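Residues per chain, in single letters:
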Amino acid sequence: MAAIETSAPPVKGRAAGRPTVRRKRTVGQRLRHDWPLLLMSAPALAQLAVFFYWPSSWNIIAFMDYSAYRPFWDNPFVGFAWFERLFSDPYFVPALLNTLKFSALNLMFLFPLSIALALIMHSVVSTKVRSVFQSIVYLPYFFSWVLVVTIFVQVLGADGLVSNWLLGLGGDRLDIMSDPSTFTFLAWLQWAWKDAGWGMIIFLAALASINPSLYEAAAVDGAGRWKRMWHITIPGIRPVIVLLLILHIGNILTVGFEQYQLQRAAVGYQTTEVLDTFVYYRGIQDAAYSFGTAAGLFKGVIGLILILVANNVAHRLGEQGIYQKS
Amino acid sequence: MATPSDGSIFRRRSLFKAAGIGAAGIAGLPVMAACSDIESGSGTSQSTEGFDFLPEYKEYELPVQPDLVGEPPNHPSGFTTYPEPVDGVEAAEGAGEYEITVPMWGTPPSGDDPYFAALQEAWGGTKINLRQADGNTFADTSVQWLQANEFGDAINMFGWMTDAHPNFQETVVNTFYDLTDIVKGDISERWPLLAGEPTASWGQSVWSTDPTDPETARIFGVPQNYSSGPGNGIFVRTDLLEAANLAMPTTVEEVLEVARAWSDGDAGKWAFLGLDYVTPEWFGLASSPGWSFIDGKLVHNCERPEYTEWLEFRRTCWDEGLIHPDTPTGTLDGHALHIAGTILMSQDGISWWADYTNQALTGTATGSIDPIGAIGFNGREPIRYVNKTVGGWTFFNKDLEKEQVEELLDVMNFCSAPYGTKEYELLQYGVEGTHFTYGDDGIPVRTESGTTVVQAPVNFKEMSGQVQVFLTGDPDLVQRRFEYNASVKDFAETDIFAGLRVEGPAEYKTAAQTLLDQQDDVSYGRAELSAIPDMVETFMSAGGEAAREHFTKAYEQAQGN
Chain A
1 MAAIETSAPP VKGRAAGRPT VRRKRTVGQR LRHDWPLLLM SAPALAQLAV FFYWPSSWNI
61 IAFMDYSAYR PFWDNPFVGF AWFERLFSDP YFVPALLNTL KFSALNLMFL FPLSIALALI
121 MHSVVSTKVR SVFQSIVYLP YFFSWVLVVT IFVQVLGADG LVSNWLLGLG GDRLDIMSDP
181 STFTFLAWLQ WAWKDAGWGM IIFLAALASI NPSLYEAAAV DGAGRWKRMW HITIPGIRPV
241 IVLLLILHIG NILTVGFEQY QLQRAAVGYQ TTEVLDTFVY YRGIQDAAYS FGTAAGLFKG
301 VIGLILILVA NNVAHRLGEQ GIYQKS
Chain B
1 MATPSDGSIF RRRSLFKAAG IGAAGIAGLP VMAACSDIES GSGTSQSTEG FDFLPEYKEY
61 ELPVQPDLVG EPPNHPSGFT TYPEPVDGVE AAEGAGEYEI TVPMWGTPPS GDDPYFAALQ
121 EAWGGTKINL RQADGNTFAD TSVQWLQANE FGDAINMFGW MTDAHPNFQE TVVNTFYDLT
181 DIVKGDISER WPLLAGEPTA SWGQSVWSTD PTDPETARIF GVPQNYSSGP GNGIFVRTDL
241 LEAANLAMPT TVEEVLEVAR AWSDGDAGKW AFLGLDYVTP EWFGLASSPG WSFIDGKLVH
301 NCERPEYTEW LEFRRTCWDE GLIHPDTPTG TLDGHALHIA GTILMSQDGI SWWADYTNQA
361 LTGTATGSID PIGAIGFNGR EPIRYVNKTV GGWTFFNKDL EKEQVEELLD VMNFCSAPYG
421 TKEYELLQYG VEGTHFTYGD DGIPVRTESG TTVVQAPVNF KEMSGQVQVF LTGDPDLVQR
481 RFEYNASVKD FAETDIFAGL RVEGPAEYKT AAQTLLDQQD DVSYGRAELS AIPDMVETFM
541 SAGGEAAREH FTKAYEQAQG N
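Here the protein sequences line up with chains A and B, keeping their order.
According to our numbering, the stretch in the first sequence is residues 1 to 326, in order.
According to our numbering, the stretch in the second sequence is residues 1 to 561, in order.
Quick caveat, the hints were computed from the structure, so don't treat them as lab data.
Among the hints, erroneous ones may be present.
Now the stretches of chain B that chain A is said to cover, found in silico as 3 or more residues with beta-carbon under 8 Å [unchecked claim]:
1) 141-152
2) 487-497
Pairwise CB distance ranges, derived in the manner of DEER restraints [as the list claims (entries may be wrong)]:
3) GLU528/B to THR184/A: 34 to 44 Å
4) LYS127/B to SER56/A: 37 to 47 Å
5) THR141/B to PRO55/A: 18 to 28 Å
6) GLU545/B to ARG238/A: 55 to 65 Å
7) LEU169/A to ASP163/B: 22 to 32 Å
8) ALA218/A to ASP266/B: 57 to 67 Å
9) GLU320/B to TRP165/A: 19 to 29 Å
10) VAL299/B to SER88/A: 23 to 33 Å
11) LEU105/A to VAL299/B: 25 to 35 Å
12) ALA340/B to SER41/A: 56 to 66 Å
13) SER56/A to ASP266/B: 32 to 42 Å
14) ASP181/B to ILE302/A: 47 to 57 Å
15) ASP333/B to LEU169/A: 49 to 59 Å
Computed from a predicted model, the values in this text were never measured in an experiment.
We put the beta carbon where it would ideally sit given N, CA and C, even for glycine.
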């Protein structure tokens, strides 16, 4: 995005050496000056207002005993009663811990995988190979979770392709689709297949912005493949890595819904219950909208705090973060 | 990203500040406001008898009498012949267009099919567009549609679906049209078939606007069929049984023996798929809502020793590889597996019997199926679950005008046509030549189009109850069903809440859902049988004990104490 010029234009004929006087413009002047930019921003602002800020304002029902059958302001305020109920719910803490577990694993094992895939892609010279490789790892991102889980059942299920192949070889059936102890690995496998390619694309874009002459100069100076990666590639994409890391941390309590809901019956609720499924089963399905909203608000507040803390740490480490430090 | 200018409110510190103020604002508002306790659904006990505002019952003279005379309600009569159909009702005149949400299992037929056009013409012109929603998720998703008033002009719901609603009584009285003033008294002139529906059916369509005040009872739905007898079962592929030289099991122990003898995981053959909602009867456990009166008090299924026996049985079946190993994933097509012979015994609704038979007759399936009878465990007297109430209701949107409701009732009246009428034939079989042809014995045989469009569950066939329900269809199947019902009727489970519709408290429903999840954990080897006492204790403390009080009051009311 281009920086917006906010100082007054230089006055012609001003004596050389005389200090420039920056006159603060009034709101009206700025509106007249910037109206095209404001006009261009209007659709995005309207979209945000209608689909984000207006719905967000309904978070207030987390503090009400809300019923859809009462006029809105007839719903009594109940303070933090829903939050008290949330924190005392025996299924909330396990759901929170599962969420944190899956988030941490995602961050530790999927995030680096996307970077690794991008680096591999970046090093491939053949356009044809790149194209095939990119399609293979990128296309699953567009599959729905229903399809992903169904494909996994058909391939890795106890009556799936691999099981029947193993049986043919005299082995046993695979049992990883309905075994709670293997669900974490299974979840990682599904993320890796579905999402790693998408993460890779973003890092590839960052890699493309690195000046090729840096590599050429380093090669001339005798830097090998690893040194070039360590001293040019990684520093070149570091701002993007930090940016995505911060956004990931902000979303640490959001690990998705469908993947866990769809496999809940197979491995049990204790293994798959995450905050989003908790909100669905305890809030939406039970029509306890205030309770569900309280859980959602808790998630949002924690996410906001995490994102601000992570951004602050990034700034302290000299990184740009999600916005520049002034 | 551009550097924010000095005046930007989104500077780093400002952002922290803004977030803090926002949080304080949100948090402060309720602190300043008055606090009160949270209200949650405390459950209801709705009487379904003894009202003076129901439609006056006027017997509708049936055009034909059944060939097989049973002992309704649990042993309905049946027809093994097909009569020349007669006109059942005079067509009304209607010009309105309405949308009705209905559950649908399988692929929904196109609204352009001649079946729908023929029906529209036959009942007088009213156009009904069906919003066909997935039957598998209908119960859960309908909770949201109803709260948001997004179900069109009417919705068709089966009774068991209402269990998914945390407080269905509240939903009914706030969402649906109060039909009382339209249908009370003598309605036989305009709606003779609705007037011919059993009074008990209409009684079960009553909810009180104030659950604590019986005087506020009103009619909110048009009842579906009141057909008793078994509503589901474990269906066995009798041809596969015979081929393996095995006999239909008559005890739970024999079920296990047959399952062990037939299952061969390496060959892709398993005895069972699901075992959750029918097999409790084999152990003498109560059907929904799961309470029995034992030794002077109400006892929930999970508190009984038979509950542990039942879970031990399920666990044995799982551990010994008698259940399809992908069953817990919930992604399998049970019908397809049963037809393919992958599964020997399939848990299903009673309609699967007729569906399978029809598919066998039209060549899309082979062999035949029969349900296991009333069987017991360890020499105990068996029980058989039977339908206790009307199948469900069609509810109208409260925002409709009276004239619109009356026009829709004209359509409901048409849909109540009994066996032997032209209306019944059109509803059940469609248009002759397109959806069915007459067989050599004069009985309609569905064409492929008839099977996919008309037989497809569920459309107008379940919109409104028939004045009397019979066993109909393939004569051989009718005979088998008739004999089956005769063999199990004496074991029909007694309804201890007869005359009442009892809805448990919301917390009890939530606790029950958790118990169901835990049952699956034990049944599929994810938890040990030793976990059962803890499961029960958790359930009772999370809502079960409070529910005992609620259900005990209902029991005393039902028993007239």
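Against the structure, the hints come out as follows:
| no. | hint | result |
| --- | --- | --- |
| 1 | 141-152 | holds (count 4) |
| 2 | 487-497 | violated (count 0) |
| 3 | GLU528/B to THR184/A: 34 to 44 Å | violated (21 Å) |
| 4 | LYS127/B to SER56/A: 37 to 47 Å | holds (41 Å) |
| 5 | THR141/B to PRO55/A: 18 to 28 Å | holds (20 Å) |
| 6 | GLU545/B to ARG238/A: 55 to 65 Å | holds (59 Å) |
| 7 | LEU169/A to ASP163/B: 22 to 32 Å | violated (46 Å) |
| 8 | ALA218/A to ASP266/B: 57 to 67 Å | holds (60 Å) |
| 9 | GLU320/B to TRP165/A: 19 to 29 Å | holds (24 Å) |
| 10 | VAL299/B to SER88/A: 23 to 33 Å | holds (28 Å) |
| 11 | LEU105/A to VAL299/B: 25 to 35 Å | violated (44 Å) |
| 12 | ALA340/B to SER41/A: 56 to 66 Å | holds (59 Å) |
| 13 | SER56/A to ASP266/B: 32 to 42 Å | violated (56 Å) |
| 14 | ASP181/B to ILE302/A: 47 to 57 Å | holds (53 Å) |
| 15 | ASP333/B to LEU169/A: 49 to 59 Å | violated (28 Å) |
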